[in-house]
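Enquirer: Chains as they are written, first to last, in our numbering: chain U, 7 to 339; chain P, 7 to 339; chain R, 13 to 348; chain E, 13 to 348.
These are calculated hints, taken from the structure and not from any lab test.
Given the structure is predicted, the values throughout are model-derived calculations rather than measurements.
Check each hint, because a few of them may be wrong.
Stated by the list, open to error - Some chain R residues close to chain P (C-beta under 7 Å, calculated; not the full set):
1. T27
2. G58
3. V61
4. F324
The C-beta atom is built at its ideal place from N, Cα and C for all residues, glycine as well.
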Amino acid sequence: MSQSTGTNVPRPDAAAQLDIYRRMLRIERNDDATRAQIRRGRITAPYYSARGQEVIPATISHLLTDDDKICTIYRGIQDMVAKDMPLRPLWAEICGRVDGTCKGKGGPMHLTHPETGVMVTTGIVGSSMPIANGFGWASLLDGKKHVTIAYFGDGASNIGAFHESLNLASVWKLPVIFVCANNGFAEHTRYENGTSVDFIARRAIGYGMPGFTVDGNDPFDMYAHAHAAIARARAGEGPTLLECKTFRFMGHVFGDADGYMTKEEKAAAVAADPLPAFRQKLIDSGLASEAQLAQLQAGLEAEVQDAIDFAFACEAPDVAELRRDVFAEEIAA
Amino acid sequence: MSQSTGTNVPRPDAAAQLDIYRRMLRIERNDDATRAQIRRGRITAPYYSARGQEVIPATISHLLTDDDKICTIYRGIQDMVAKDMPLRPLWAEICGRVDGTCKGKGGPMHLTHPETGVMVTTGIVGSSMPIANGFGWASLLDGKKHVTIAYFGDGASNIGAFHESLNLASVWKLPVIFVCANNGFAEHTRYENGTSVDFIARRAIGYGMPGFTVDGNDPFDMYAHAHAAIARARAGEGPTLLECKTFRFMGHVFGDADGYMTKEEKAAAVAADPLPAFRQKLIDSGLASEAQLAQLQAGLEAEVQDAIDFAFACEAPDVAELRRDVFAEEIAA
Amino acid sequence: MSTQTMETAGMVKMTGQQAVSAALFQAMAEDSRVLVFGEDVADREGGGVMGTTKGLSAKFGDLRVRSTPIAEQSIMGAAIGAAMAGYKPVAEIMLMNFITVAMDMVVNHAAKLRFMSGGQSQVPIVIRTLTGAGWQTAGQHSDHFEGWFAHTAGIKVVAPSAPADYKGLLLSAIQDPDPVLFIENSRTLFVPGEVAADQGPIPLGKAKVVQDGRDVTLVTYSGMVQTCVAAAAELAKEGISAEVVDLRTLSPWDKDAVLASAEKTGRAVVVTEALRHFGPGAEIAATIQEELFGRLKAPVRRLGAPYCAVPFAKALEDAYLVQPADVMAAVKGIMR
Amino acid sequence: MSTQTMETAGMVKMTGQQAVSAALFQAMAEDSRVLVFGEDVADREGGGVMGTTKGLSAKFGDLRVRSTPIAEQSIMGAAIGAAMAGYKPVAEIMLMNFITVAMDMVVNHAAKLRFMSGGQSQVPIVIRTLTGAGWQTAGQHSDHFEGWFAHTAGIKVVAPSAPADYKGLLLSAIQDPDPVLFIENSRTLFVPGEVAADQGPIPLGKAKVVQDGRDVTLVTYSGMVQTCVAAAAELAKEGISAEVVDLRTLSPWDKDAVLASAEKTGRAVVVTEALRHFGPGAEIAATIQEELFGRLKAPVRRLGAPYCAVPFAKALEDAYLVQPADVMAAVKGIMR
Ligand SMILES: Cc1ncc(C[n+]2csc(CCOP(=O)(O)OP(=O)(O)O)c2C)c(N)n1
Ligand SMILES: Cc1ncc(C[n+]2csc(CCOP(=O)(O)OP(=O)(O)O)c2C)c(N)n1
Ligand SMILES: [Mg+2]
Ligand SMILES: [Mg+2]
């Protein structure tokens, strides 16, 4: 299904490559710190690591503005971090503090940050897509050229919401890009045991929509396809389906036993880890020095540490919060 | 999308053609009588005529046994009549009598007759399909070669249940045939204003399933494709999607104003009425004489009239029926 | 849809359907953020299968008034997203039974996003839907699921019965900053009544005493209001004075008004078209008995649909629906 | 999943989860028509994300024990069709919130097909699902929707809390000729308890007095049973004797047992994890007050979740869940 996008394949320039790498590393450093905090027993909520999938949101976010929106899923913290959501309110939320972006009421599965376009995070498989269409419709009404990204997984491509959403987006020519992170598994179910088609991108045919299978671990392939899809959406030509092939290194949820996959396939995926590979590429192509990248990393680590320190210093929300934000008007005690 | 099924295209022999015509005429005579009774005010329920669509279920039913099952929709009386469901319990049901096949509790939108394989009639768009899969699974468990037909409309191909069902049927290789009567409209909405793809059959690609666009008004094209799909299902090779192009002459529901379609397109469709056309063909090809067909018609009209007389002579159900069939055990008064 | 004008002192005679249409025209004219969409709602598709939205797309354009594919989940999703982006979508779910395919969007998302986001998101949508037995549409076209939504935090449930309320409450529902389920009832929607020519918004959450009485309070809403009013008229002939309270909004319901009336009469019967079993009437009955413990003259009775699907045959459907005679019998049973 | 055998006079110590597993093994062995399916339930996928169905596919084969795509509507549809064809599918909906995408199949079809077909169709399915707050899984993973299904004619609702009941009621649910929603509670499922080694079916619809008492009746089910038992223990220290009635089946509920207890004690508090507002507790409270009018010493109180989504932060989640202290306060409030 990977269809060439023609001779003028868009390519990230040096600055773009560095920015994509920065976003990847921001995701990875944040993920690493999250898992460390969980191991230390400081965070108790379920955590769905996206380690290994960084290229997808890093590349897409590089091409977005703050006015562009994302609707994502439980495994979506990477999408927010890539979108440059500030880490303090993110961490405070994960820790259930009142200074969290959702005052501690939503938690990691429902992080929201409209200022950076993080509109919806859902824990229901498939449900990012129907809502993304609403933002797409609003863009048409606004007459602006904002795009909305609906992130979801390969397993989610089998649920009804996927179908209804792609059909509506196509009929209405909405500026929405459906980004499927195909990591080969839905919880413990291997792709082919739940999905009837060899490439999810083929499903786009059923919606009269362009669809591409992309190497989701290759920033160049991702860039080419995301660039074209976003341009298409901004031009009013409608939605695109991008199936981005990748792998989740940490299994479905933190603590996952991994018994449903072979050691070999996991080892092979980890060996092909896109993060060090892209790092090496930047150095090999002379775009950055070891020192520069180390400095970048140190800066990101400091940012993450600052967010962690901030979060744990925050207060828990007051129980009166149960009566707030149910409706616009506070519910009487 | 209409793909040739190869050089050995299955063709209905003389007996098959006559049987298909018999089923078509049975549908049409029954439909005509139903509308007459409604006009006379003797039936009050909403009625969804399938006039014009007879070829589809007539051909398919010819290829089925009583052990094969159908799951159909509000516009599905034609599917039951084609499946040779006896007309007395059908009419008694439509008239809300206790001798109706559902004791008058289901009515025309929920007719059921397991003896002839009429398993489910649903009023919810799309819902015939997920249930049909269950019968398909049961066939695999039984180790028998029964097939199940899921009937639905073009509009229904845009709802989530369609997607989930075709995917599951394909992954599980179920002996289910998804038969879409594409009559060009969903209530008042024209095909292309609700459906994003030029041919619904293309959606089969997204499920790794064979899919064909068939001339649903041509018994020969229908026969060729239905025969192949049923053979495939019986052979354990899995499901097929058949998109059967047709037209509903009477609009969505009895009394429908038709303002959403042009007079010309309707006139053209009616002019191409498949029923008289096929009748003529039978005569032209010497398979039947005018007299034979007139006799056939008279027999069917008598059968319909008998059913009507029977139905109106039946009693209304007793209010105690509200406590029966909720559960296997009657609910205490 | 043309309003049958019969003005008397600023009053217009119109049906509930005309009132709904009038409210939509008014709201769309007043606020360009108001959107209307759903299956067949645009004029190209006849302005709704019942014609309720006729003329809106001609007046307000195809971008604000849109027909959709048959895909209720995508309808509700589009409403939610557009609402979060600052619009006020009025989404139509043709019949209440069809909301069963979109419950995730309504319950897990529309109702919760404000809370789960700590107040950052708002979802000011109206879900207009129609239901009601009496037309022999049987088990999948006449259900009353309002109890499910009343039992869901974060969504309001409005269910008028009179034309003026259809208009005034719909205007308020559209203005409301939170999700509102607006239920139209198929037996009352086409009944004409008096509506002020300049009828404006009527506040949500306020009941209306549609019939004063002394001996017993009938608490009801939607299609059962006319049933209770009919019962009250018959009861009056037998010397029993029944007060009829139309909740108009089921959630939040007007506890003060109901308790005041029940305390005054000392007796209450709660009447719903929804199933009696674990139905919305239970909340009202439980609350009245709890709050007025020791001050009632009789136990609170509840009437609702029997424990079965809506049947097709006319005789069964009539028996299924609560009738004035049922209300009268329940009242007489507690009058001794 | 290996049963920790600690036999004492034919009793085995096991968790609710082990009891569910044991019931599935037993039912599948006894009746070849029993099928088990849902997301990740087969051994290839680890026998369920919690491991509850582990070993079933190895023993009973891939045709009877099947993992499915993530597509709850198709899961429920397949269950319905197979049931109508003579099988007894036990379908798993991983968490109760996910049933929102399959409500049409459950409500418009599974629950109604027997009635709408005049008794020709039967749908003997069991829907196993899991829910319960307390694990910080927030707004979309811990809801209690059992009230919706109790308010739907044609489907039974079972919600055990003790391991023996998990086993016995699941065996009965599987044998039942009609649809049953079987709710597993995440706070009780992993708590061990005594189960008879040969534990057989326990009839649906029968409550169990889990704690005798004189002064007040606590009516509850599922995860709130342990909360009420804890409250009763504390109340006993203060000289208040509370009887705890575990409904075990919410619909149909054991009215006789509840009324007998409430009549004996003269006071009742109904406790649910579900939202209090229009929740299942209202049916119980309304019925007790109606049936025992004039014979109660105090109004019936109801406790349930507050009117909001399940919050994430631990402090909020604790406040959201009814705690023993809340039950004690409610009891003391009606003891004077
Ligand atoms: C409607 C629904 N069904 C089931 C679940 C449970 N569940 C959570 S994640 C998941 C797997 C999703 O797989 P995929 O879409 O591939 O995304 P990934 O987790 O691999 O990123 C499942 C089944 C859910 N959250 N929602
Ligand atoms: C879930 C759902 N949404 C809406 C409806 C209302 N409705 C009944 S029939 C219909 C049109 C269906 O069109 P199509 O699938 O093309 O079948 P046709 O009626 O043309 O045979 C609609 C929208 C419904 N019954 N169920
Ligand atoms: Mg995946
Ligand atoms: Mg159609």
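Enquirer: Where does the structure disagree with the numbered hints, that is, which hint numbers, in rising order?
Expert: Going through the list in order, the structure violates hint 1 alone and respects the others.
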